[in-house]
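Participant: Each of the two chains sits in its own frame; use the hints to bring them together as a complex.
For the record, the sequence lines run as chains A and B. Residues 1 to 107 (the numbering used here) make up the first sequence, in order. Residues 1001 to 1261 (the numbering used here) make up the second sequence, in order.
Hints listed in this document are in silico derivations from the structure and should not be mistaken for laboratory results. Keep in mind that the hints are not guaranteed to be accurate.
Straight-line Cα separation of at most 20 Å, SDA-like style, residue types lysine to any residue; simulated pairs [stated by the list, open to error]:
id: 1; chain 1: A; residue 1: K10; chain 2: A; residue 2: F59
id: 2; chain 1: A; residue 1: K10; chain 2: A; residue 2: T100
id: 3; chain 1: A; residue 1: K10; chain 2: A; residue 2: A101
id: 4; chain 1: A; residue 1: K10; chain 2: A; residue 2: R21
id: 5; chain 1: A; residue 1: K10; chain 2: A; residue 2: A95
id: 6; chain 1: A; residue 1: K10; chain 2: B; residue 2: Q1119
id: 7; chain 1: A; residue 1: K10; chain 2: A; residue 2: V105
id: 8; chain 1: A; residue 1: K10; chain 2: B; residue 2: S1051
id: 9; chain 1: A; residue 1: K10; chain 2: A; residue 2: E102
id: 10; chain 1: A; residue 1: K10; chain 2: B; residue 2: D1049
id: 11; chain 1: A; residue 1: K10; chain 2: A; residue 2: G94
id: 12; chain 1: A; residue 1: K10; chain 2: B; residue 2: D1048
Bear in mind the structure is a predicted one, so any value in this text is a computation, not a measurement.
Here's the letter readout for the chains.
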Amino acid sequence: MTRALVNAPKTARPGEVIEIRAMIAHPMETGYRIGPNGAPIPRHIIRRLVCTYDGAEVFAADLYPAMSANPYIAFSMVATASGTIALAWTDDHGATQTATAEITVAG
Amino acid sequence: MTRGGRAVGVTAAALLAGGVAGAADVEPDARRSGADFMAPETRAMQADDASNPGMLWVLEGERLWAEPAGPEGRACATCHGDAARTMRGVAARYPAFDNGSDRPVDLAGRIDQCRQARQGAPPLARESDPLLALTAYVAHQSRGMPVAPPGDTRLDPFRENGRRLFQQPLGQLGLACANCHDERWDGRLGGAPITQAHPTAYPLYRLEWQALGSLQRRLRNCMAGVRAEPLPFGAPELIELELHLMQRAAGMPMETPGVRP
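Isolated chain B, as found in the complex (with noise of 0.2 Å):
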């Protein structure tokens, strides 16, 4: 997996241009989260927290939001106090705009890049346990709050690239996010339901992982599964398709830490 990555299904997307540019978005009514979809013990898995396994990392990210990092030994905690009062919502409105880079950061990217700059601590890959973790431990702060995208217009650009990324044709299958999220919700591929892709659950646990995950982690899934080479975890197009995800779940309840098959 290298730079090439970035390049996935620009060829195919040339060749079939505008292949699903009559795609609309699920109706605002008849949207569902991904947890409607779910057999009535998983959905029972996650909404108890004894028995919902991403309540693992909330309780390791707790630890590590008190625990100081870096020379100056301060703690996210130091400058944030009470995640219950300072972090709720907060998941409910990223990806935000960040000044510095004027890109797009996500809510992961963003507690790296205060670790870095703010504790001078190590930076902590993506996907590893204390990213998940603290991640997690942030969003489930706005549990049951509703989605709300910034209404930044910096973010349109980006935001308009993920919608033409979501409906770009990918990979040897040629099939766009937009296939089957989109047109074919209410269908199933091999066994399982296909979805509608609200991200509003994320981090989450996937039995199918045994672990909690990102969202990157699952659309470099679904990459994969249509035969294009994943983009790399932390990718700009990965941001700008979260982006557009979360502007389609606008006003949908957060639910993190949800527990998927």
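Pulled out of the complex, with its shape left as it was, chain A reads as follows (with noise of 0.2 Å):
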């Protein structure tokens, strides 16, 4: 089940620097929580986010247990042709979910 909201500017001049923002749903299960029958419940999170923009990696964080669920990262770049910004969250088991925005660049 995918449900990624990527939001970012339709539209940009050359230059211009845009604000990306992302957010996932993801449990983010840190690890350290015990369930109800006594056994800690297993660490579920995302470790890695990368933007990449027209083929190029542009950014990537890596995420930690202390990151909240559905977590929500903005970030800015810089806009330089038209092309697909391509968002992939990747997480714990190996399973990496992708979103993606078109984006116009014109002077």
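Facilitator: Right under this line is the structure:
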């Protein structure tokens, strides 16, 4: 079940600094909690978020257990050319969820 | 948690009968949404769909709305079409009277009933992600519209019972809902503001829960808070309480999905 929201401007001028806001549904289970049966709940968090712009990596973040569930991350980048902004979240199970946004850059 | 839950605070109520009989509802002009009591940052989080985590469930609900279920492969959209048109204002009128069971039914209950009867799909558990997602998606279509409780007179006895429950002392602390939410809503409990208990933003995302939850989950929280045994999910008393609360909030704008601390 992929539930991710990516918010990026539809259009920008060349060289403009734009803000990308991304949110994904994920339990971000810390691994420190004890379940009702007394056994620890296994850790299950997103480890890394990578953003690529036209195939080139422009932003990456390592996530740790202190992040809340359904993490929201905002960052800025410079718009250079029209293309695809792709985000990929990889979690402890090795599963990768992706979401994309298209941007048109014109002067 | 067993069937004994239905008897919450009945003994205490008998002893303290009429303990808050004089409690008056919040004045209509003084009514404020729970969002009004929040920090500016939390209000901003709710106001912006890109940062409101409740939208993740709304998005999932939109997907489920169009997904076929049951043996005949019918989706919600097969009968109800475009939710933006057909479901607009619906949540603002719930709970409504259900002819089949001769009882009021809340929005989540109606969705599940429709799934079982019309789609022939297996029931969705209360508070499960799919049911919360569908409820949030349907209720989201009413965002900004005023709460409009139905005038159906068959609801009156249930609504009256909800009103009675609201004023009935519960649990070891012997507190009624009205003690805080009618009489002391401008105060604080611990560090947190007490609010007026207007359920206009449900299902909502509570930062404390780190998840979307229903009004029933919230009501059960409060019951545990006054050290009463919480009523089970789907209990008729919870729906009667919701009827009373929606009547109290009549005319206030819907906010689903809300964000609360």
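Participant: Run the structure past the numbered hints and jot down the numbers of the failing ones, going up.
Facilitator: 5, 6 and 11
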